[in-house]
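Asker: The residues making up each chain are set out below.
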Amino acid sequence: MNIVVCVKQVPDTATERKLRPDDKTIDREAAEGVINEICEYAVEEALRLKEAHGGEVTVLTMGPSKATDTIRKALAMGADKAVHLVDDALHGSDGLQTSYALAQVLKKIGFDVVILGSESTDARMGTLAAMLAERLDAPQLSLANKVEIDGSTIRIQRLTDYGFDRVEASLPAVVSVVEKINEPRYPSFKGIMAAKKKPVETLSVADAEIDAAKVGLASAATEVVDFAVAPPRAAGTIVKDEGDGGVKVAEFLASKKFV
Amino acid sequence: MDFSLPESARAVRDGIGEICARYDMDYWQRCEAEKRWPEEVWEELAKGGWLGLAVPEEYGGGGQGLLELTVATETLSAGGSAGGSAFTYVLTPGFGALTLTRHGSEWQRREILPRLAAGTMETCFALTEPDAGSNALAISTSARRDGDDFLIKGQKIWITGVQRAEWMLLVTRTIPAAEARPRTNGLTVFLVNVPEAVAAGTLSYQAIPKMGANTTPSNMVFLDDVRVPADRVVGRVDQGAAVLWDILNPERILLGASSVGGAEVALRVACDYARERVVFGRPIGANQAVAFPLAQVKAKIELARLMLYKAAWLFDNREPCGTEANIGKLTAAQAAWEAADQAFQVHGGMAYSLEYPVARLLTDARIGKVAPVTEELLLNYLATQVLGLPRGF
Ligand SMILES: Cc1cc2nc3c(=O)[nH]c(=O)nc-3n(C[C@H](O)[C@H](O)[C@H](O)COP(=O)(O)OP(=O)(O)OC[C@H]3O[C@@H](n4cnc5c(N)ncnc54)[C@H](O)[C@@H]3O)c2cc1C
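Residue numbers (UniProt numbering), protein chains in the order written: chain A, 1 to 259; chain B, 1 to 393.
Since the hints were derived computationally from the structure, they do not count as laboratory data. C-beta: ideal position from N, C-alpha, C; glycine also. Do not rely on the hints blindly, as some may be mistaken.
Unchecked claim - What follows is a list of derived Cβ distance ranges for each label pair:
no.: 1; chain 1: A; residue 1: A194; chain 2: B; residue 2: R277; range: 44 to 54 Å
no.: 2; chain 1: B; residue 1: A295; chain 2: A; residue 2: G163; range: 50 to 60 Å
no.: 3; chain 1: A; residue 1: A235; chain 2: B; residue 2: V278; range: 16 to 26 Å
no.: 4; chain 1: B; residue 1: D231; chain 2: A; residue 2: G54; range: 40 to 50 Å
no.: 5; chain 1: A; residue 1: H91; chain 2: B; residue 2: F3; range: 30 to 40 Å
no.: 6; chain 1: B; residue 1: V278; chain 2: A; residue 2: Y162; range: 46 to 56 Å
no.: 7; chain 1: B; residue 1: A295; chain 2: A; residue 2: G245; range: 46 to 56 Å
no.: 8; chain 1: A; residue 1: H91; chain 2: B; residue 2: T323; range: 53 to 63 Å
no.: 9; chain 1: B; residue 1: E106; chain 2: A; residue 2: G163; range: 31 to 41 Å
Just chain A, same shape as in the assembly:
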């Protein structure tokens, strides 16, 4: 089975993240780049599928050249090889453009299952899986907390507010996963050492037959008009329970229209 797992490098959430004042895109130089946490769960799920059904796991990353660290991390966990789409022309691409670019690569390298994390910690759109599925004309199985493959059928449990839905489709398909799905493994010593020797294919926009006019900031469908630093959190209200604590809490909730 040909499993492709999309992995993104994001600015470390533990550090201060910024937008660039010049073009209002994420400042990827300012913060250390780390693997988007939920992508680790996607990699883990891909590895488990491979362990159960055989085949190969390919990491697919679109990002600047320093994203190689993130690719190595996924390879160290056990993925077999990687494709790195890297090109200055891609800078500033929005979700629609990213899905177009990744879809072009996926069409080129082929796949039985594409696995993604449900969202990234930088843009937090949570729409890439849907857009990719549409562009690839493949079924979309999103927010999975369990994935099973049986022959050419794929079944997931889709996390919902009321529990979960069972969703079934036929391969090839696009799956997005949530954190509850598994516990990602740590890279082992041998894994890290082997990762350094695993093949990473770099593709430019031209290599992937991506129309350069359709990607990048200039032709993005969405635009960041303005941004501001989030205001500091206001101090909370402390309610002292003098026998009327319950009432006061209920009043507070009512005033905020929670109840």
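We have chain A already, so just place chain B with the ligand on it with the hints.
Answerer: Same frame as chain A, but now just chain B with the ligand:
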């Protein structure tokens, strides 16, 4: 000269660093308070192949050496375990794996190394006796022949990790100290199967209540004619000193590495507090009287680390490493103690509150100046062996 760490050592730093990221200071505080082995971390280390780093690949290990173990110990220590990591790395990956790789017979390696690499078997090391600590050559635990076996009798003290160990590397005298010429002659190192000897009723142990490092108990061990077949001698009978130096030097290097990591933790804790605590309207770290001692400690940590890496590299290249191991151990223990002491000072009264980790860091750091070798004995080595000053004893 090339000071860059090899890829293997960087992999160790990254890989163990990732495990540490999920087990924070609180985790290690709890292990110490509950006096329990860091089982979860141990399992992760085993799964990732981090315990078998120095076991040759043919026995299921990573095929690396003491340098990688040194970086592993330091990383784990700096991740929050501080002195606790000393035992995690020194007892089994150090004492067990390194010693048997270099001095074990084929049978011993086959029997023990694969399970050490997998993390399913542990070892400990017994040298110190009530009347022989710094003067280790004066040990009196004796091994005498009985047919094809040896019978071992004596008492050991401070032996750490006996509870979890399947095999104990036990140092004995096959020639009494008073008759041995030179004094290093007549030592023999045995592999004693602990559960077997306990079952036979010839080995018993008792934990010593201790001030810190309580993730692993240290024990008095009583040996009453423990029967050991001759094929469990490590190295050669009477020639155990050669094995012993290859245990003691790595032990010093690894415990030094644990001190370096411990110093880093103490420094981090101190700097965090110095940035946040505001007195007289400014963070206390803005006072040079607070900042400079911390900077001073940082300089010492880096020097100690460099010397320990050098010592480990020498060991891996089968070169004499005694001087470097001793200098590294000495300076690392001093750096750790100063770091903990400064962390204490920076925290003011809060250092005394058990809500903060300072007490643990302080007790962990203090032991480094005494065990496994005292500061005085290290200085004595440098004075007599390196400077050529006359011997006092
Ligand atoms: C927590 C812990 C764990 C340990 N784990 C182990 C273990 O697993 N296995 C094991 O075999 N041992 C272990 N030890 C023992 C340790 O190696 C010894 O405690 C250490 O070697 C010091 O020996 P001692 O305690 O007998 O001190 P002593 O030798 O009695 O020394 C007492 C003091 O006198 C000083 N002194 C002695 N002679 C001189 C001199 N000539 N000049 C100047 N000063 C001198 C020493 O430096 C020291 O300050 C452990 C100890 C501790 C505390």
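Asker: Next, verify each hint and record whether it holds.
Answerer: Hint check:
no. : hint                          : verdict
1   : A194(A) / R277(B): 44 to 54 Å : holds (46 Å)
2   : A295(B) / G163(A): 50 to 60 Å : holds (56 Å)
3   : A235(A) / V278(B): 16 to 26 Å : holds (18 Å)
4   : D231(B) / G54(A): 40 to 50 Å  : holds (45 Å)
5   : H91(A) / F3(B): 30 to 40 Å    : holds (36 Å)
6   : V278(B) / Y162(A): 46 to 56 Å : holds (49 Å)
7   : A295(B) / G245(A): 46 to 56 Å : holds (50 Å)
8   : H91(A) / T323(B): 53 to 63 Å  : holds (55 Å)
9   : E106(B) / G163(A): 31 to 41 Å : violated (59 Å)
Of the hints listed earlier, the one the structure fails to meet is number 9.
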